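Which chain is which? The protein sequence lines are W and L, in order. Under the numbering used here, the first residue of the first sequence carries the number 1, and numbering increases by one thereafter. Under the numbering used here, the first residue of the second sequence carries the number 1, and numbering increases by one thereafter.
Please note that a few of the clues may not be correct.
[As the list claims (entries may be wrong)] Derived DSS-like pairs: lysine-lysine, alpha-carbon spacing no greater than 30 angstroms straight-line:
no., chain 1, residue 1, chain 2, residue 2
1, W, K19, L, K85
2, W, K195, L, K85
3, W, K20, W, K195
4, W, K20, L, K85
5, W, K195, W, K19
[Unchecked claim] Rough simulated footprint, nothing fancy, chain W against chain L, three-plus residues with beta-carbon under 8 angstroms:
no., region
6, 38-49
7, 58-67
8, 95-103
[Said to hold, decoys possible] For the chain L half of the interface with chain W, some residues (derived, Cβ under 7 angstroms), not all of them:
no., residue
9, A32
10, S70
11, K73
12, F74
13, V77
14, L79
15, F81
16, M82
17, F86
18, S88
19, F91
20, F106
21, V112
These are computed hints drawn from the structure, not numbers from a lab. These numbers were taken from a predicted model, which means no experiment stands behind them. Virtual Cβ for every residue (Gly too), placed ideally from N, Cα, C.
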Amino acid sequence: MAAHAGTGHLETSTGLDNKKLLMWLFLGSDCLFFGSFIAAFLLYRDRSLEVCRDLLALDPTNTASCVFASDTTINVSGQTFMFEGLWDIPFTSVSAFVLLMSSVSMVLALAAIQRGNIRNMQVWLLTTALLGTLFVAGQAYEFTEFYHAGLHLDTNLTGTTFFVLTGFHGAHVTIGILILMSIFVYSLRGGIQQKHSLNIELAGLYWHFVDIVWIVIFTLIYLIQP
Amino acid sequence: MTLAEYRRKRGEPVLSEEELHAGDSHEGHPSALEYTQIGLFLAVVTAIEVALYYIDLDHTLLVVILMVLSAVKFSAVVLWFMHLKFDSRLFSTLFVGGLALATTVFVVVIAVMGGGLA
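Same shape as in the complex, but just chain L (with noise of 0.2 angstroms):
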């Protein structure tokens, strides 16, 4: 017996097969013209990203622009790339669980221990 089979014996609520399809739905996907230009966008953020190391900026401020734009990339890519923005959100919890708990590791050792972007 599955899982779902003895939800249903008991009376829980069992998605049905449009939901159950949902995960694997493609609607509302971007076009292979919008990854082209979120492409393009990510290309001209790296490029940004180099510029900057060659700009004599101050190294604080240098380091929380570059951060930024690292961030902005990285979104990017899970987004639409990895299609985050458009898939159930249980996907989205397991990964930024993850992603959470590795930031938190991340700043607790640097915090603790020394070190650090500085």
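Here chain W stands alone, though its shape is the one from the complex (with noise of 0.2 angstroms):
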């Protein structure tokens, strides 16, 4: 990029902001991450259902393997095994929920800004993270649930694709947080004013990205199940 003479204003080949094209490349980008761990889960979930009825098969006393998202009855030999679902639909809703609404939030606090409103700013920033921090809370809760119930990493495929899933989600989410403390504490000292705004829109858009994998992880992974 070179400055216009006279002008102060940056000129770009394209027209665009340098930095805002680099964050739609890598939300482009990052839409294949999700999308294949996503895949990978959908796929793995059915082969955890086959290990568990071949182990069973062998030893009708090892069932350490067979959990499951979902109420899940194997017959095996005659024997019928039933497994009750770990997933906690209501809980995880209002984990969705309050990301949703952290994207409101959002998108808020880059309306204040770009109307010069500095505090309103502020508090749409802090009301953000908050809300990212209790998503986050939640999921740790969720884990903590699954793994007293026998979900470990390495207990079955499920396991093993679920928690790398929701894991990588929760660390962008935490990334995310930290973005968005690191804006608000530099506002406090007076580094952000209205100019400035397109660097609240970089953190928003990879704000709502995360929003927006979650709506995809909530539908497929939590509410269709097999």
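Join the two chains, each given in its own frame, into one complex according to the hints.
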């Protein structure tokens, strides 16, 4: 980029801000990242059932790997095994709602700074970070519950793919919270003005992306069960 | 020498100052009230999704309805909250390109290796 003489404006060959262009490129590539993990979960969820059935055929007392998302009944050599599902839909629905509302507060923060209202931007940024923290706390609680119920990273392929997928999503949310809090603290020190609204917009793009990823995960992983 | 200067020297068209900053323009963006209304709409759609989960529907029908509702929420956030509806088409191309590639990988993996939503 080079400065236009006398204007102080920056010029790019595309006519668009390079930071924003790079952010969209990153988000496009991140779609592949999460798309692959979601596909892996849907692929291996059913394989866990087959592995459990094979192990029960060998030893009917070996139920350690038989931990599933939804209520599951397996018939092996005339014996019926019933396993209670782990997913807690009401709890996850509240988590999904919290993350969705954090997207609203994020876009309100952007609208505030675009109007030059720094105070409102700070309030909405903090609200977004708090809602994000609530979501991550809920995820930590859910992981703990699943762990105590016997679903570990190495219990079966359901556990492996589920924890990797939702764990990476939780890591994205955590990074987003750190970005938001950094901007919030910087703005308290007077470092954010209306002319810096693009920085808030970039943080917002990242935040909305983790929200849309959860929209897909919530539907495909939690609500649609075999 | 920047790419823009190089293109100008060769007589190729280079974006004007106004066009350059068109991507940073906030004109046409929704107001705070409209953002809140979109948020309310998203909350209602989520509530419908959860309600459908508890209704004893045919599984295929349930999958189709849930995926349509999910796509509606996804699109609403991308178009209005992420401003793709108002921003440069280059941003849309980058994002939709990645999304299309991810969807293709997803469909191919599920179709070839089994598993899925049923």
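Hints versus structure:
| no. | hint | result |
| --- | --- | --- |
| 1 | W:K19 <-> L:K85 | holds, 19 angstroms |
| 2 | W:K195 <-> L:K85 | holds, 22 angstroms |
| 3 | W:K20 <-> W:K195 | holds, 15 angstroms |
| 4 | W:K20 <-> L:K85 | holds, 15 angstroms |
| 5 | W:K195 <-> W:K19 | holds, 15 angstroms |
| 6 | 38-49 | holds (count 6) |
| 7 | 58-67 | holds (count 4) |
| 8 | 95-103 | holds (count 8) |
| 9 | A32 | holds, 5 angstroms |
| 10 | S70 | holds, 4 angstroms |
| 11 | K73 | holds, 5 angstroms |
| 12 | F74 | holds, 5 angstroms |
| 13 | V77 | holds, 5 angstroms |
| 14 | L79 | violated, 11 angstroms |
| 15 | F81 | holds, 5 angstroms |
| 16 | M82 | holds, 5 angstroms |
| 17 | F86 | violated, 12 angstroms |
| 18 | S88 | holds, 5 angstroms |
| 19 | F91 | holds, 4 angstroms |
| 20 | F106 | holds, 5 angstroms |
| 21 | V112 | violated, 10 angstroms |
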